[in-house]
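J.: One-letter residues, chain by chain:
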Amino acid sequence: MGKGYKTIAFYPQRCDGCQKCVEACSEFHAGSTDPVHSRIKVVEAGGAFGLALCRQCGEPQCVMNCPAGALEKDTETGVIKWDRDRCVNCHICTLACPYAGITYNVVSEEVMKCDFCEGDPACVKACPLGALELKRGAEIFNEWAELEDLVVPGISACLGCNSELVLRHTLRRVGSNVVVATPPGCMAGVGTVGVNGKTGVKAPVFHPLLTNTAAMLAGAKRYYKRIGRDVTMIAFGGDGGTADVGFQSLSGAAERGEQMIYICVDNEGYMNTGVQRSSTTPYGAWTSTTPVGTVLRGKSRDAKPMPLLMVMHNCEYVATASTAFMEDYYRKLEKAIEAARRGMAYIHVFSPCPTGWRFPPSKLIEVGRKAVQTNIVPLWEYENRVGRIRFTHPVENPLPVAEYLSLIGKFRHLDEEQIAHIQAQTQRKIEVLKKFTSEQTTTTLHHAA
Amino acid sequence: MFHSKYLIVGASHAGLSALDAIRLIEPEGEVTLLCAESTPPYSPTILPYVVSGEVRAEEVFLRRSDRFERMGVRFEAGARVVSVQAGDHSVELESGEKWEYEKLLLATGAAPSIPRIEGLEGVSYHVLRTLEDAEKLRAAMSAAKEAIVLGAGLIGMHAAENMLKAGLKVRVVEALDQVLPAYFDPRGADLIERAFLEQGIEILTGERVEGVAQSGGRVELSLSSGKTLSGDLLLVSTGVKPRTEYLKGSGVEVEEGVVVDDRMRAGGVEDVWAAGDVAQARGFFGDSKRVNATVLSAVEQGRIAGMDMVGDSALQPYGGGMAVNTYTFFKHRAFSVGMGKVSESEDDFEVDQVYLPSSFCYQKLVFSGGYLVGASGINTELDPGVLYQLIRRKVNLEEEKGVFSAKPLEMGRVLMSQVWR
Ligand SMILES: Cc1cc2nc3c(=O)[nH]c(=O)nc-3n(C[C@H](O)[C@H](O)[C@H](O)COP(=O)(O)OP(=O)(O)OC[C@H]3O[C@@H](n4cnc5c(N)ncnc54)[C@H](O)[C@@H]3O)c2cc1C
Ligand code: SF4
Ligand code: SF4
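One line per chain: the protein sequences are A and B, in this order. Read in this note's numbering, the first sequence has 321 at position 321, and its numbers run on one by one without any break. Read in this note's numbering, the second sequence has 102 at position 102, and its numbers run on one by one without any break.
Keep in mind that the hints were calculated from the coordinates and are not lab data. Computed from a predicted model, the values in this text were never measured in an experiment. A few of these clues could be false.
[Stated by the list, open to error] Here are a few chain A residues that face chain B, going by a calculated C-beta distance under 8 Å:
#: 1; residue: A52
#: 2; residue: P67
#: 3; residue: A68
#: 4; residue: G69
#: 5; residue: H91
Virtual Cβ for every residue (Gly too), placed ideally from N, Cα, C.
Isolated chain B, as found in the complex (with noise of 0.2 Å):
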């Protein structure tokens, strides 16, 4: 039986940022990081340049390679926790090993979710979660020629480009009507889809697989509109879903992921927290719990549950999550913060827009009462830092309203200065 005072399960994002939450407090008492994958730490947002080959899978790391010593952390790579019992306050790993804790952390990000289609059991696939996943795209990659991408959400799109700059032909399949559809708006969305096609990227919205078998080294698709596609890569990028199969019995609350409060303290059992793509937290605009798969979720919930696990003073709770995310694709650059996807035509808010298609430019604030509450735009200057404070701060904007819509860079730039220090 091996004991750590503070035990952080998953070695990303969200376990890392809770690890220097505490050790900023505690420099001493004893902190593990248990991690499932043999490598160290590293993000899955980098994987699509690994794919890539813009950057090398043994330079990929999140830390140097001396921090955890510097730090007296012990990192335990190839540790895959299997079940969790809270009530004797211990863990048990695949090879069996147990481990005692005082506390707890549940760091184990999101898997793949693979959608219900028939057949697809039977062929083989890939998805885009680990470095072994993107190892063995890019091994794939080499023997392939025409690919197929399952779902247009970032990790679909990511991947599609990848491909077609490796040389293959690319096709997307996309249930809904748009591409990125948890970022941008339809209008957004088609100057995306549009660079893509124009790289001779074939993009199918609206259509829904229905089946898939596999012949030889190929995989056939009939979707709904009763087409057929066939290719010999296929990548399942339809969503991730929290890695909780080893929570079964445990007590701890699950629902989508583990529900956790404002300090990032699991339902369900004492002395066990969550954070990041695992932990279902309060959403910002509304009061319903929500798993929001963003790194800067995942950073900042880990260092609330941090903060809380050792007793930091100055912790503030958690104000809630919202969407935000950057996207460069061929040499564009989009950004979407907030609500950045509402529609003109709803009540209760108001929309600015600049949108200049021939430039491949579109730009879009949306307020509700004297408030920012979302922002997205392709090539356009702004910030997305700052936007996403002004949102988050929620920073009236009633009395300079004219002026920030008019200049919503300069603007911007100037509240968030005035509040620095």
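Only chain A is shown next, with the shape it has when bound in the complex (with noise of 0.2 Å):
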């Protein structure tokens, strides 16, 4: 395993705010426990807890900014040193970082930065509750590795499938105590389910039909109620299955608050029959029943916004997510995982198609990470108990959505009109999300639903 640099990071739901870090880093630093010589400081605002501390960047902005040449990454232990000699005290590092990672300490009146106590952080050692741990960057990773690969080698889906990587990490997270529900379509298709041992998931797997998917998934889950076991259920449906042919079921276990998770992995259609269209195509695409000729120029209609309808449901916990961002999806598994003890949590994964959508497997990614920077897929999480919508990555100045169009074949005709409208609706979505950010909106529509 090659060598990665290490980080402190910081779990805030473990935190209740006791400042033993700070006190800690003073004493290590200043010998004294007076807060101003601490370099991480740790803060309450509005019920959350945040860290203050330097990231030790991979592009540290306080050195690409420092006039002096005062800053610089140490390349054995990816620590940025800060060099009292060469430091002019202009404060210009303190206006790069986006993190309070290096500010005033006004009784030294020099700037000052964490430095890792010679490689074994104070603050560390001093935290009673485990919210902050010394890591590698990479181990983050590592760990999801070490996790235990719930599906076979070997189903057959496509080259490059999407779908396959949100089947295989979420598994991977939930863990095997879980019933998995794959209804008709591609996670069906690619040989999760059969009989007589010869499932793909190495976990009871069940094929409910198209229509009854979370029905037949709250029955199980009140089953093993009854006998007295803790059992995740999940399901992967796909878009057809959850936004057109099984929606009445959703709707009704949403609505009565059935306990599980629900994952939309949304390839924008019915991929395994033929590339069909479905409520969750978007405008413009081509499909074999939206064909592109002289009249035809693609789906004339928008797609269903499927995970807002699902904030209306009053779920439990809805995200959508994007296995570009796989840090931001497994965060919102975890949530689920426990808000699925309550009710229901449903989470809407964009899932490009490298076969259905025309584009090469290689390019699967990036596909997905243009969704997301051009707004065409916004992340964000919708907490009940919060009682709105949050942006988990949110996206400062969003690219221009030809940018992501114009990398998948099922877009290839669309002229300037079909891409201006696009635009025009990426950015009305947005605003309606925006909207629903605000608790006093979100809860006004659910009274007023």
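Take the two lone chains and join them into the complex the hints point to.
T.: And the structure:
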């Protein structure tokens, strides 16, 4: 395993704001517990804890902007070193750093930042609740790799299939204490289900009808509850099975607050039956039932806003996700597992399909990334307890949608007018979502509904 | 005729930032940096500290000396470009040497802008932009007793402080009604001015200089109010203008600076980019393009230019520049980001202020709709970097507004902590 640089990871949900890390830092660096000397700051605002600490960035803004060459990344340890002799106290670094990782100390009258206490940070040792952990950046990924892959090798998904990636990673995180439902769709078709031990999933898996996935899973959950077993229920529905054919049963289960995780693997059409349109197929897209010719120019309607509809169902948890942002997806899975103990957790995973959308398999992640960067697929989550939507990867300056569309064959025919429509629709979608970031709007809508 | 695939003119913040971006994608391709000056790369921002003697001229360099060699980059000092032939993809140096390029970055920064004042051309005065200027000024200071600084911008104010500390009597003349008009509102500016007055620096605001004359070793200024000033050292620090003289006839589109798009591509020609103080790029709060002469802009623009030159697919187009700076003076510290100087009376803005003149503190947050659009502070604990990010990332604060106004330091840190990774 190659060596990676270390970083201090913060788990706000474990923190109670005791300030022991702050005292330890001051003590180590200045021999006093006065917080003024601390390079680490744990603050509370609006009921949440935040950490202001140097992240020892890979592309450190402080280093890039320091006019005196006083900051430098140590290539051995990855720590950003500050050189007192070169520093001219101009404070430009405090403007360049996004995380308040380098700050001015009014007593010593100079800037200060985390130096990792010669490799063994005092704050991490002082935290009684395990809210700070010293980790190698790559360790997060290694942890996932160490989780058991519950999908057998050799299932028959297409080359570069995103849905397979979703299936494997989701089950890694959710674990084997699970009942999996894969209704008709790509994920059933590639061999996750079978008889006589020939299933592609190393956990109980069944094949409901396209119309009753959520209802069947709700029944299975009730059975396990009756016999006193705490088992996670999880469905992998395609967009057709979720937004069209299976919608009534999903809607009913959501309304009743059935306890399950429902993953919609949205590849924007009926892919395994020959690329037909579904209600989540986006405007303008070619499919075999929305052909491109002299009159028709791909799909003429906009996609159904499935995740927002689930917010309106008052689910415990709703999120959008993309495999191009895996950490974000894992974090959402953790919340979904927890929320599914109380009610329905719905995650809508954007799932580009090289075969049906016509792009090279090697471009899969690029397509996913561009979808997010253009705001075609905004990443957000809704926690019922919080009562509003939060963007988990806000896009500062979205790229023009054309940069996404041009990667994909099913959009090749689009004319300028159609691209303009998609651009406008994308902006409208963000505006609507932004309204839901306000608690007031969300509750008002819930009440109105 | 020399040849380099990537040719970067100017070896300061913008040029070096582009260089790093190019090397991230292309470890091998030929890259050459041409620098007019004969020194290794340094930042003009460091010059006040050279003037004061806090750092020595030979120590101020932006990159360690072995850096270029390790990166496989050719660094040509003393190579001043005098013309660009965009059609042939070549530039010509003062020495007559010619360089061919495939892709060219103009990162030549800005030069002092000298106001049109009668008699100014005939007197000897100082400016502060290059290491050479700084050394000259430092030498002159040791012989002088009474200095006059024209212009109360960051450069003038820094220099005034340095000269006072070196034992000179200092007077600052500013045409506008306040010091640091680009960054602070009158209240903030007053506080800063007060620190200067307390130290014995005389500041004359709202005074235009009508004429300058020299007699013997002394310069004499006549002011719009009828006053006259005289001193034995004159520093002109009335702003900067992009260095574009060498672009005459090149076809490169120049207004105030080189007009660039959001990928820092220069208008009018092919395969030419511009970044930093020389470039005129999109403004953050409106669409009109402007020169935004700060370190942060130069670094960011240089990086975007480098990424685009090398075809880095991770490039995010420029989001627009805004006024951002930190300023330290007489043990005080100040910062300003975005529309930090909007006044209370302006519509469409909501302003939160904390003003404690007796403890020399001032803090101001400016909101528009649910968004933070500006902040400034003098001796406050606020994190300029966090506030800058909240503005440029357009973080919607509508819901948190109450908490944010009450606890801007904490809330800002919490919000930025949440977006990390
Ligand atoms: C005294 C002073 C204080 C400052 N303080 C601050 C501050 O506190 N905060 C802040 O944000 N900004 C400050 N600035 C501004 C900041 O220094 C500039 O914004 C920044 O340096 C711009 O970087 P640049 O790379 O665009 O250009 P520059 O730094 O100006 O570099 C230009 C480069 O181009 C080279 N060059 C010029 N013409 C030619 C040519 N024809 N051929 C070849 N090479 C050429 C020069 O030799 C130099 O290497 C200050 C500036 C000064 C002068
Ligand atoms: S000080 Fe800030 S910018 Fe610099 S490495 Fe640390 S977190 Fe990154
Ligand atoms: S305060 Fe020091 S470390 Fe920070 S940017 Fe200025 S010179 Fe560099």
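J.: Does A:A52 hold up as a contact with chain B if the rule is Cβ-Cβ below 8 Å?
T.: holds (4 Å)
J.: Hold the hint about A:H91 up to the distance rule: shortest CB distance to chain B must be less than 8 Å.
T.: holds (4 Å)
J.: When the nearest CB of chain B is found for A:P67, is that gap smaller than 8 Å?
T.: Where the cut-off is 8 Å and the nearest Cβ of chain B is about 3 Å from A:P67, the hint holds.
J.: Does A:G69 pass the interface check with chain B, least Cβ-Cβ distance below 8 Å?
T.: Hint holds; A:G69 Cβ to chain B Cβ min 5 Å, cut 8 Å.
J.: Please check whether A:A68 passes as an interface residue: C-beta within 8 Å of a C-beta belonging to chain B.
T.: With a minimum Cβ separation of about 6 Å from chain B (threshold 8 Å), the hint on A:A68 holds.
Checked against the numbered hints listed earlier, the structure breaks none of them; every hint is satisfied.
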